[in-house]
Amino acid sequence: LAKTTQPISMDSYEGQEVNITCSHNNIATNDYITWYQQFPSQGPRFIIQGYKTKVTNEVASLFIPADRKSSTLSLPRVSLSDTAVYYCLVGDGGNTPLVFGKGTRLSVIA
Amino acid sequence: GAGVSQSPSNKVTEKGKDVELRCDPISGHTALYWYRQRLGQGLEFLIYFQGNSAPDKSGLPSDRFSAERTGESVSTLTIQRTQQEDSAVYLCASSPMGQGSTGELFFGEGSRLTVL
Chain L
1 LAKTTQPISM
11 DSYEGQEVNI
21 TCSHNNIATN
31 DYITWYQQFP
41 SQGPRFIIQG
51 YKTKVTNEVA
61 SLFIPADRKS
71 STLSLPRVSL
81 SDTAVYYCLV
91 GDGGNTPLVF
101 GKGTRLSVIA
Chain U
1 GAGVSQSPSN
11 KVTEKGKDVE
21 LRCDPISGHT
31 ALYWYRQRLG
41 QGLEFLIYFQ
51 GNSAPDKSGL
61 PSDRFSAERT
71 GESVSTLTIQ
81 RTQQEDSAVY
91 LCASSPMGQG
101 STGELFFGEG
111 SRLTVL
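Residue numbers (the working numbering), protein chains in the order written: chain L, 1 to 110; chain U, 1 to 116.
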């Protein structure tokens with residue numbers, strides 16, 4: 001079973017900031033939080049990863065509260081090309097396999 | 001190569017035939033995953049290889065599915081007596097392990113299987 005829960009879908013207009021929240025109430029001490037993006041007919045690709053507090057890279061920010069039971073992926077000023085499915089995973093890459101949830105289908109409209 | 005390579009990219013087969021799907025992980029990556037993704041659905045975990053440990057086969061949907069991995073290299077996923085419900089994209093991912101690794105997955109482009 002996936003260890004995460006996300007909204008099934010979200011809609012946004014171009015240029016807006018999009019925040020996708022993921023719940024992971026049973027996150028373990030050694031688990032990292034990783035977000036992936038998947039376009040149609042492609043494998044998922046890594047967006048961002050964090051353990052606690054805030055992480056920012058060139059494409060997104062990841063906000064993780066102190067209890068780590070949730071995380072929020074923030075996409076600044078989305079464009080049509082950000083239309084994709086976004087998956088949140090938790091795990092440590094160790095003995096327990098990484099299991100995907102259903103993901104969030106983001107639709108960006110002009 | 002620089003990334004995870006999967007073959008064939010597309011496979012059309014008749015119901016009842018056996019198929020083999022191949023995955024070449026990134027060199028040095030000791031962890032390897034197989035996932036299945038049906039049209040419009042999320043990724044379904046199938047099997048996980050981690051170094052020399054026994055594989056985690058808990059996601060395999062039936063005994064018609066099996067997978068092998070040669071050391072820390074190539075993996076093959078075999079589906080025997082294919083059924084129409086096996087039609088899906090089969091995705092392979094590899095991941096580095098060991099100290100400092102955080103389990104990031106690197107995916108191939110997938111093998112699209114169509115069972116007629």
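Keep in mind that the hints were calculated from the coordinates and are not lab data. Please note that a few of the clues may not be correct.
Derived pair list, reagent style DSSO-like, types lysine-lysine, alpha-carbon separation capped at 27 Å [claimed, not checked]: (1) U:Lys17 / U:Lys57; (2) L:Lys69 / L:Lys3; (3) L:Lys69 / L:Lys102; (4) L:Lys52 / L:Lys102; (5) L:Lys102 / U:Lys17; (6) U:Lys57 / U:Lys15; (7) L:Lys3 / U:Lys11; (8) L:Lys69 / L:Lys52; (9) L:Lys102 / U:Lys11.
A few chain L residues that face chain U, going by a derived Cβ cut-off under 10 Å, partial list only [claimed, not checked]: (10) Ile27; (11) Ala28; (12) Asp31; (13) Ser41; (14) Pro44; (15) Gln49; (16) Pro65; (17) Asp92; (18) Gly103.
A partial selection of chain L residues facing chain U, derived with a Cβ cut-off under 8 Å [to be verified]: (19) Thr29; (20) Tyr32; (21) Phe46; (22) Lys54; (23) Ala60; (24) Phe63; (25) Arg77; (26) Ser81; (27) Gly91; (28) Pro97; (29) Leu98; (30) Val99; (31) Gly101.
Where is the CB? At the ideal position from N, CA and C, for every residue including glycine.
Problem set entry | Index of numbered hints that the structure contradicts, given in increasing order | Hints 5, 7, 10, 11, 16, 19, 22, 23, 24, 25, 26 are the ones this structure does not satisfy, whereas the remaining hints hold.
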